[in-house]
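Work out the full structure: start from the sequences and follow the hints.
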Amino acid sequence: MILTLQTPRPLSRLPRFLPFSTNASITLNQSQPATCTSPPPPYSQILSTRHSLLSRQFSAADLLRSHLHRLNLTEPHLRSFLHLPDPSDLLAQADSLDRRIAAGEDVGPLAGVLVAVKDNICTADMPSTGGSRILEGYRPPFDATAVKRAKELGAIVVGKTNLDEFGMGSTTEGSAFQVTANPWDLSRVPGGSSGGSAAAVSARQCVVSLGSDTGGSVRQPASFCGVVGLKPTYGRVSRFGLMAYASSLDTIGCFGSSVADAGILLHAIAGHDRFDATSSNQDVPNFLSHFVSASSFESKPLKGLRVGLIRETIGDGVDAGVISAIHSAASHFEELGCSVNEVSLPSFSLGLPAYYILASSESSSNLSRYDGIRYGNQVYADELDSLYGSSRANGFGSEVKMRILMGTYALSAGYYDAYYKRAQQVRTIIRNSFTEALNQNDILISPAAPSPAYKIGEKKNDPLAMYAGDIMTVNVNLAGLPALVLPCGFVEGGTAGLPIGLQMIGAAFGEEELLRVGHIFEQTLENCRFVPPIIAEDIAS
Amino acid sequence: MGGVGAMVKGASYSYAVFCGSFLRSPRLSFSIHNKKKLLKFRSFSSKSTCSSLQPPDVSRLAKTAQISLTPDEVEEFAPKIQQVIDWFGQLQDVDLQSVEPSIRAETENNLRDNVPETFDHRDAMIGAVPSYEEPYIKVPRVLSMD
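The listed protein sequences correspond, in order, to chains C and P. In case it helps, the working numbering puts the first sequence at residues 457 to 997. In case it helps, the working numbering puts the second sequence at residues 146 to 291.
Please note: incorrect hints may appear among the correct ones.
[Unchecked claim] Derived pair list, reagent style BS3-like, types lysine-lysine, alpha-carbon separation capped at 30 Å:
1) P:Lys-208 - C:Lys-877
2) C:Lys-916 - P:Lys-283
3) P:Lys-208 - P:Lys-283
Hints listed in this document are in silico derivations from the structure and should not be mistaken for laboratory results. Since the structure is predicted, the reported quantities are computational estimates derived from the model, not experimental observations.
Here it is as structure tokens:
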């Protein structure tokens, strides 16, 4: 299905984002006729923004206003955000940046870039609820390291996004507060648990966003919403300030409308942090060097790259449209000069129960801190035990309660060997199978999910059916590897089709290669523009 | 014995429900190969190490986890939790004899120096405490009389 970037007439006052390589100047009031051949999509909103701000084509304040205008129009339909600050606060930040640019001062690589932050990542100046009533109204006394670093480099945090409570879920319906809609079809879920962050980027309410990925919670919503989702290697990004769900699996990940944008955001937040003992000392390479214009690519830019398509992910149980999209992606890789082979990962299907054992067990321990005593909402009782019991019963939703109970069971005295230890052994098997496969191949590919976005309400009462949708993503978390999801095609559904994401998995700390390959794949993909109808059509009506 | 019988009965019920839910939704039907693998797990479940595991007692678990569930919630959660725990059981039949457990992905030993520092935003931290009476965080009585 071919989609072209429609010029939305009521939004004609928005700045036009031009590719980095052109010199055309624009004025705000110029609207482009709908029939003109639009320039190739900019491969990086962040780089285009920087170019335009520094060359004074438009100001950070104008950029902010245009995004807020679009956000206000789309938000009643999408409900991506749990918290939006006072616009005057944001404007003050943008004005301050404009003054510094006018004075010729150096500004960071994320200057003027609007970033949305998933609500399980702590922000000192905005509430952080984790999507849960138990933290309704809670304001952390610190910023998460990832947020702190983005802000230091000039980013403007535009709001906190909706999620499944504490990251537990795959649809964002598990939020205690609201259900976020998929910008491609408002009757469908955006995926989860980082559904709000994915929807916000998809609908261009912000430029990039932060999410978290414990079992696929960045990659699956990226696939459902037609955006790029990047899960880094475990240890690449500090988890300080990320509300812990499963500490051996949690990562903070990045969403962008292009591979370059996701990569630039990752570069900004990655690196060792003394406040996270599991964060790695490995150097963060300069990813930006790979984000070059397609016109500079050789004819077979990925010549010699060995791509392994995971056989277990394109069999029964996977939507025919998804399989077809992945096969097309494999052909595209071949056109780019790769050799694509099928690879089998032994014990692939064991990853799902192993993941849920580990995740529920670790979450039962991590969520014991929510006791209503030092922070969060308290339900008073005359005895301490009752206070704990009532505060937690009142504050947690059903899915969270169930996972805590399952985890409590799996960790009960005498049951450790049967469940948690066995799951950790399966984890070793899965890690080894990936290592083996990544010795034979440079990257592995698979769908990001077995289907396109579900209808809202479709998976609500069937936990195992919902868990089954994570089959493509959990093994990557068990192995701690990096993975990049980018939109590669469509299936029927909604008014303009539903996007399908391709997952690319790399070796540990191999984000540079993933981003290099992903950027080339994306920039050479023809006839695919991933702009959802909600912003492509005339949204004033 | 009752425990084992309940486990096996629960297992076959949940297997039927599990496969049933998959079969209802065509996208999620397991391959023939996977169904055979599941069958193999179920036929061994009564002889495996999980025969000594009691099925989940949701009320007792809720007490351990310090969550006061209503009777309705116990009734609602019990079959779902049973179903998932049974599904976990398929790990019992995998040969894991010489496999080392992995705590997490490989990470380096990265501890910072054990030197105390003052946190700059103590006021914000204290401000988040629901019940505070300088310098105490107030809690109700810890020990009950019975």
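Against the structure, the hints:
Between Lys-208 of chain P and Lys-877 of chain C the alpha-carbon distance is near 24 Å, which keeps this suggested pair within the 30 Å criterion. At roughly 39 Å between alpha-carbon atoms, Lys-916 of chain C and Lys-283 of chain P are farther apart than 30 Å, so this suggested pair is violated. Taken as a hint, the Lys-208 of chain P and Lys-283 of chain P pair is honoured in the structure, with Cα atoms around 23 Å apart against an allowance of 30 Å.
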